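Number of protein chains: 2
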Amino acid sequence: MKYGFGVDLGGTTVKIAYFDETGTMLSKWEIPTVTDDGGKRILPDIAASIRQYIAQKTVEPADIIGIGIGVPGPVNGRGVVNKCVNLGWGVFNIADELSALAGFPVKAGNDANVAALGEYWKGGGKGCENMVFVTLGTGVGGGIVVEGRLLHGAHGSGAEIGHMVLNRDETEKCGCGKCGCVEQYCSATGIVRLARRAMAGTDEVSRLHRFDPLTCKDVFDCGKAGDPLALRVLEQFYAYLGEFLADVCNVVDPDVVVLGGGVSKAGQVLLDGTRPYFDQYVFHAARDARFALASLGNDAGAYGAFKLALDAFGG
Amino acid sequence: MKYGFGVDLGGTTVKIAYFDETGTMLSKWEIPTVTDDGGKRILPDIAASIRQYIAQKTVEPADIIGIGIGVPGPVNGRGVVNKCVNLGWGVFNIADELSALAGFPVKAGNDANVAALGEYWKGGGKGCENMVFVTLGTGVGGGIVVEGRLLHGAHGSGAEIGHMVLNRDETEKCGCGKCGCVEQYCSATGIVRLARRAMAGTDEVSRLHRFDPLTCKDVFDCGKAGDPLALRVLEQFYAYLGEFLADVCNVVDPDVVVLGGGVSKAGQVLLDGTRPYFDQYVFHAARDARFALASLGNDAGAYGAFKLALDAFGG
Numbered sequence: 018m019k020y021g022f023g024v025d026l027g028g029t030t031v032k033i034a035y036f037d038e039t040g041t042m043l044s045k046w047e048i049p050t051v052t053d054d055g056g057k058r059i060l061p062d063i064a065a066s067i068r069q070y071i072a073q074k075t076v077e078p079a080d081i082i083g084i085g086i087g088v089p090g091p092v093n094g095r096g097v098v099n100k101c102v103n104l105g106w107g108v109f110n111i112a113d114e115l116s117a118l119a120g121f122p123v124k125a126g127n128d129a130n131v132a133a134l135g136e137y138w139k140g141g142g143k144g145c146e147n148m149v150f151v152t153l154g155t156g157v158g159g160g161i162v163v164e165g166r167l168l169h170g171a172h173g174s175g176a177e178i179g180h181m182v183l184n185r186d187e188t189e190k191c192g193c194g195k196c197g198c199v200e201q202y203c204s205a206t207g208i209v210r211l212a213r214r215a216m217a218g219t220d221e222v223s224r225l226h227r228f229d230p231l232t233c234k235d236v237f238d239c240g241k242a243g244d245p246l247a248l249r250v251l252e253q254f255y256a257y258l259g260e261f262l263a264d265v266c267n268v269v270d271p272d273v274v275v276l277g278g279g280v281s282k283a284g285q286v287l288l289d290g291t292r293p294y295f296d297q298y299v300f301h302a303a304r305d306a307r308f309a310l311a312s313l314g315n316d317a318g319a320y321g322a323f324k325l326a327l328d329a330f331g332g
Numbered sequence: 018m019k020y021g022f023g024v025d026l027g028g029t030t031v032k033i034a035y036f037d038e039t040g041t042m043l044s045k046w047e048i049p050t051v052t053d054d055g056g057k058r059i060l061p062d063i064a065a066s067i068r069q070y071i072a073q074k075t076v077e078p079a080d081i082i083g084i085g086i087g088v089p090g091p092v093n094g095r096g097v098v099n100k101c102v103n104l105g106w107g108v109f110n111i112a113d114e115l116s117a118l119a120g121f122p123v124k125a126g127n128d129a130n131v132a133a134l135g136e137y138w139k140g141g142g143k144g145c146e147n148m149v150f151v152t153l154g155t156g157v158g159g160g161i162v163v164e165g166r167l168l169h170g171a172h173g174s175g176a177e178i179g180h181m182v183l184n185r186d187e188t189e190k191c192g193c194g195k196c197g198c199v200e201q202y203c204s205a206t207g208i209v210r211l212a213r214r215a216m217a218g219t220d221e222v223s224r225l226h227r228f229d230p231l232t233c234k235d236v237f238d239c240g241k242a243g244d245p246l247a248l249r250v251l252e253q254f255y256a257y258l259g260e261f262l263a264d265v266c267n268v269v270d271p272d273v274v275v276l277g278g279g280v281s282k283a284g285q286v287l288l289d290g291t292r293p294y295f296d297q298y299v300f301h302a303a304r305d306a307r308f309a310l311a312s313l314g315n316d317a318g319a320y321g322a323f324k325l326a327l328d329a330f331g332g
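Those protein sequence lines, which keep their order, are chains A and B. Each residue of the first sequence is one higher than the one before, counting from 18 in our numbering. Each residue of the second sequence is one higher than the one before, counting from 18 in our numbering.
Worth flagging that the hints you see were computed from the coordinates, not collected in a lab. Everything numeric in this text was worked out from a predicted model, so none of it was measured. One or more of the hints may lead you astray.
Which copy is meant is left open, so a pair is good if it fits within one copy or across any two.
Stated by the list, open to error - List time: in silico EDC-like cross-link candidates among lysine to aspartate or glutamate, alpha-carbon distance up to 20 Å:
(1) 100 with 272
(2) 234 with 244
(3) 190 with 296
(4) 100 with 305
(5) 19 with 80
Looking at chain A on its own, in the form it has when it is part of the complex (with noise of 0.2 Å):
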């Protein structure tokens, strides 16, 4: 039997997971990542957290099949990472380096893109060869699988698909600069958003006025106590969300939509909602997508990181 490690590099802490072949995870732990410094200490501390593992379980080196790990920003096919702001990176090739530093051969991915990887594997696209993932979580990512493979973008942005335009009349601006971004309605901070305007535009009565702050989940509560005003903004949400993942899938054409992140807990009546406006946009030909939630959580990007790894390097 040959192992591996999936690693998901985030912000505050890195998750390392270590992978039998088949895919079993056997064990995993996390460490706090550095950012000081432009973020140089991280893949020695991933490296060496890595190497102690090793060392302490007495596997041998040559039954490690390699390393995979997702990172926060843009990565190309080939490794090179382009700029991660929240880490403080530049443009380098993240994979021959931490390759170097750890001693076996490294895949890399977007953080995003691996997460859709490990959901494919072993999650909510499990079976299928074509996958579009979506996470609704405080923005909006994505990940797509065609025949089995990331699609990672020539400028390893592929996916990208929370700043499609689906308002060209929106005035606020997005995170990434532009208006009318897709994140802007279907994300977590999105719903609440609407919420707020419908809120303001209106004398209505409302439960939604009790909290504050408002989160997503209370506007969901009211919509599940038969709340009005809660009700036409979760529809108004099904809406934006239904035609963005009908436009996607104009694009890709998936055996499945998956759906996670933070927003995705709402659970069924999140696809039940969505899906007629779904069935009103999208490409009739492209019309059999099903849909499905997401089932790893937070463990996708580490099975996802494995993955990468054991297609590239697994023979």
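Guided by the hints, dock chain B onto chain A, whose structure is given.
Here is chain B on its own, set in the frame of chain A:
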């Protein structure tokens, strides 16, 4: 040296070309597409024409790599056609069927996707790994190449980007049955439609009124001559096209966007007019995508079809 065939199957004619393995087109000819009786003669006619060519040329069948074919409808990665309305075809495996008739291995793809592969290999996308190809003709079609491989889609409708939603407030129906598709604004007919709407909405004197029927080329010609109404129509078209291309690039992040089809005969003015809107709507990490014009014209489909076979069977 090995050889093979690229077949571009259209609704009225079948273009067949003979290539050597380096991609040099050695010969090309056409046969009519006989769509009578549910199109059941189409594949036997193609097989007979290819066998006849081989007999005349005294090529050794052992030197034939295979046949690639582009089909006007959805085709998945395994060669299953999912209805070609123009040909009268239902659902069947065209690759298996043509292979049995012709005696060579066959690989099939959607015609727009296959043309994209041709432009990727020998045309406007030459030298790139990731490409978006857009045909702006009577309709709007597309093809996407990811790290050198065609995105077929799970149901054979990958890159049906002409049916992305561009205007959710549109009330007129697209040919696909939806409202507000890219094709309604960015095709040759879409441009004429924008011009008609503009003419109907103003008393302004314009050269556009001189043409009946008005064509897409007339609108571009009036723009070149400085007609203010035509220039405003073109600006509106460039804005739609720029937003649309930005959204596709936000998903795919290609090296290059190649524009083909009748509208692309407008040339550099099309690229220059569209670019500022593209820059406004594209995610920053994907903004370095180049724009280029298609260069293979009607031969793109045959080149791409042969390349499909070469990739599959060329060893």
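Outcome of the hint check:
Taking CA atoms no more than 20 Å apart as the test, residue 100 paired with residue 272 passes between copies only; the shortest distance there is 18 Å, against 32 Å inside one copy. In this homomeric assembly, residue 234 and residue 244 come within 20 Å of each other (Cα to Cα) only inside a single copy, at 14 Å, whereas the closest approach across copies is 54 Å. When the C-alpha separation of residue 190 and residue 296 is checked against a cutoff of 20 Å, the pair qualifies only between copies, where the shortest distance is 16 Å, while the shortest distance within a copy is 29 Å. For the homomeric pair residue 100 and residue 305, the shortest alpha-carbon distance between copies (15 Å) is at most 20 Å, but the shortest distance inside one copy (37 Å) is not.
For the homomeric pair residue 19 and residue 80, the shortest alpha-carbon distance inside one copy (5 Å) is at most 20 Å, but the shortest distance between copies (42 Å) is not.
The structure agrees with every numbered hint stated previously.
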